[in-house]
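Q: This is what each chain is made of:
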Amino acid sequence: MTESRERHVPASLVWGLGMFAVLVAIAIMAPVFLSDAANTLSSESRAEPSATHWFGTDDLGRDIIARTLVAARLTMLMSLGATLLSVVLGVLIGGMVWVGPRWLRETTLRIVDSTVAFPALVLALVIAAILGPSASSAVIAIGVAGIPSFARITSNMVAPVMGRDFMSTSRLLGVPPWQLFARHLLPNIGGPLLVLIASSFALSLLEISSLSFVGLGVQSPDYDWGRLLNEGLPAIYSQPLQVLAPSFMLIFAGVAAMLTGDGLAQRFDPWGTQPAAHRSPNRVIARNGNQTASLVEVKCLRVTAANGTELVRGIDLDIASGEILGLVGESGSGKSMTAMALAQLSPDSVTTEADVMRIGDIDVLSFRNRARLAREIGLVYQDPGTTFNPALRMGTQVTEVARVHMGLSRRKARQVLVDGLRDMRMRNPESVMQQHPFQLSGGMLQRAIIAASLVTEPRLIIADEPTTALDVTVQADVLRQFKKINEDNGTAILFISHDIAVVQALCDRVLVMKNGEVIERLTGDELSKGKVSHQYTRELLAATPKFDVALDRRSSKGGGA
Amino acid sequence: MSQPRPNSKAPTRRIRGWRDFFRSPWGGFAVRRVGGLILSISFLIILTFAIVPLIPGDPAIAILGPGATAESIALMREKLNLDTPLVQQFGTYLQGLSSFDLGTSFHYQTPVLSTIFTKLPYTATIAFGSIAVVLVVAIPLGMAVGVLTRGGRRPVIGTAFGAIAGFLASFPAYVAATILILVFAIWLKVLPPGGSAGPTTFVLPIAALALGPTFAVARVVRQETYGVLQQDFVRTARGHRISNSRLYIRHALPNLMASTLTLTGLILSGLLGGAIIIETVFSLPGLGLEVVQAIIYRDFPVIRGIVLTIGLIAIFINLLIDVVLGLIDPRTLGASSHD
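In the order they appear, the protein sequences are chains A and B.
The number in our numbering is simply the position in the first sequence, starting from 1, with 13 added.
The number in our numbering is simply the position in the second sequence, starting from 1, with 1 added.
Pulled out of the complex, with its shape left as it was, chain A reads as follows:
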């Protein structure tokens, strides 16, 4: 792999543009030098390929290669005309609807939508029918047929730009609409638009050729590639090269456009040049034999991103059975990465290494028994809105572990989960099981996933910012559920949050993380009394309002290990 990681011009763009350059050169040069060979009738009708005629001749004795190359000019000019027509009018319509009043936008987009549904060729047939078959009517037909999709896509691209601050500011300042369009909208959508124009040019080329091919475009004696293909078809048995030559050119043009479009897309896609993840096997170090009382033991955990950035820099942590350990820090401090590494759920793009990482007797670095992992570790995630699969019903998802790993029947699993949801004080759990995630509130979803994580009676629950996406009142309720689980079942919890107030109300011990390192270790009591030593922790405390909901902490529970 010699691919550099810097953003540079993608290879496909270079190739695509190179092929286009070849086509343009042919279009300019061929008619100058080859017109005679292409148009002069000779007696050598349908000659075999020879030194003078590499691809042979057509029925009127004209050189096939010369005709194919000369046809490039007309083909490309017509495509250019049609593309210009679609781009100019389409972008104008799609952009202007956003600077006009709302009703105009709604009406225009409705009409555009109802036309986008039809294949471009249908509109092209209508225009060919109105104007009669000719080269110019083919250009207008394909050009006009391309307008709706340009209008649609421009409008879609403009929509998010319109929401940005600078747009509302310029509007307030009274910048006239056309100036808004030219100065602010166009530059913002320029990149994607280029991609579109490239692919639209190719599409126009192929569609105009298809009209010529069926006899609705260029008329004899003029010829483009479509017309040549059409003329070659009757002779396909005796002179197959006569259809192969224009076919080759059409494919060549199609590939050129595809490469250019792909290349431009990569160039303008901010995510397009992410380097491939460098995979190295997780390093397994012989773990030391002494079994302490702690349930979870992590020594020197290191998580490295594909580009070499250290996300977690060798942290140690341990959690006793029945203990709630808090992990706080701002976003990007490495706390979620730590949690996901412990759950063996790190994204593909990162590398995880540790001297020791175990949960009970499970060596997380090498353990591959899915069923046991599923039973021992309960997982609760940050954003209930994206945690669930939007396409599946709740019941299917929350009963999955019970059905797959505990061997419960569908009916039994459903019953267990309905009871679990009811324990989470969810109303109508039977109907919740039938619903799709988008029909439920964030609090309901979060309670559902907590209920689901409890089915296996796990020894450890890893909760990654489980309350962040929730309303304050719902937050308190979910926190009480965690506390209750911990007290009733003695389940250990690794509780991750950026909200130090939430953590101090719930946790026995707290680790403060920053830049992938643990910078302070505290007990919950120390934290709530403000006995912190590190400046950063003090800032975190000062930045958060006090969390007033009493969670009925048991002060007797020790900060073990």
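Treat the hints with care, as some may be off.
Looking from chain B toward chain A, a few residues come up when the C-beta cut is under 8 Å (computed) [stated by the list, open to error]:
hint, residue
1, TYR175
2, LYS190
3, PRO255
4, ILE329
In case anyone wonders, no lab produced these hints; they're calculated from the structure.
Please read all numbers here as calculations on a predicted model, not as lab measurements.
A virtual CB, placed ideally from N, CA and C, is assigned to each residue, including glycine.
Fit chain B to the given chain A structure using the hints.
A: Relative to chain A, chain B alone:
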């Protein structure tokens, strides 16, 4: 609507009457979709009507040519109903449509509707046949490549697929058709080059029509696979520690289908355009071949009828895609298309 069983599997929306139906997601979808349908069909009717009035100059002269006698021009104006005001012409057109009277072909002197009925089966077969082929081949193929090459794995497969699929996706249907005829009908002599002699005549047209879109869609599916595999819910599913096949088929596939169908709806209805063109290559006596002839002969009743029919098929394909989308991912039922 039948009364649900007392302790049934508890549908959350029990539909007891029309009012409830309109409040249910599918009811709302139906209301919105019928609105869209009316709009699309109105557009189609106005478009087909406008063909004749929009002809530059006198349509009658355009049809008959400059050498026509005054008498035959008057007769043609009579036939096209050109001497009445535009609104009245449109009224007559609508009246004809409402009684399924599409007029009489200038060329064949037969009712347009019967022409359409004899030609439609050919076009419908190759269009829907190739849509089926595209979906059945492209989705598993794109997904398999997406899974194999996720996160930059197996770069050789990724690059090879990208090159081959990109190359094949840029084959226009009529070029593919020409080359398939050369290879399979002329050189290998295993399939008929065209005509209408039994089921084998449809093999090459469907293959030619499906070739480009299959690989275009497979490219989209591959890209979407990467996106879906990065979603939070896939991590949740991995947290359930299920097998890979269950992860991909049960969790990833439905979401993949939803985004793929949304993105490729236009490719699929655009395939109809390809169907019109390639009938010429295979001398398949369908709507496409007929409408091209009609445009050349300036046979406007036939043009109007066939454009109307093809437009209705396109609307039907779009509706079908939306219904399938709704079944896969009910969120799309409530989605407003823009704003």
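Q: Now tell me if each hint is right for this structure.
A: Hints versus structure:
1. TYR175: 5 Å, holds
2. LYS190: At 11 Å from the nearest chain A Cβ, LYS190/B fails the 8 Å test, so the hint is violated.
3. PRO255: 4 Å, holds
4. ILE329: Nearest chain A Cβ about 6 Å off; hint holds.
Violated hint for the displayed structure: number 2, the only one.
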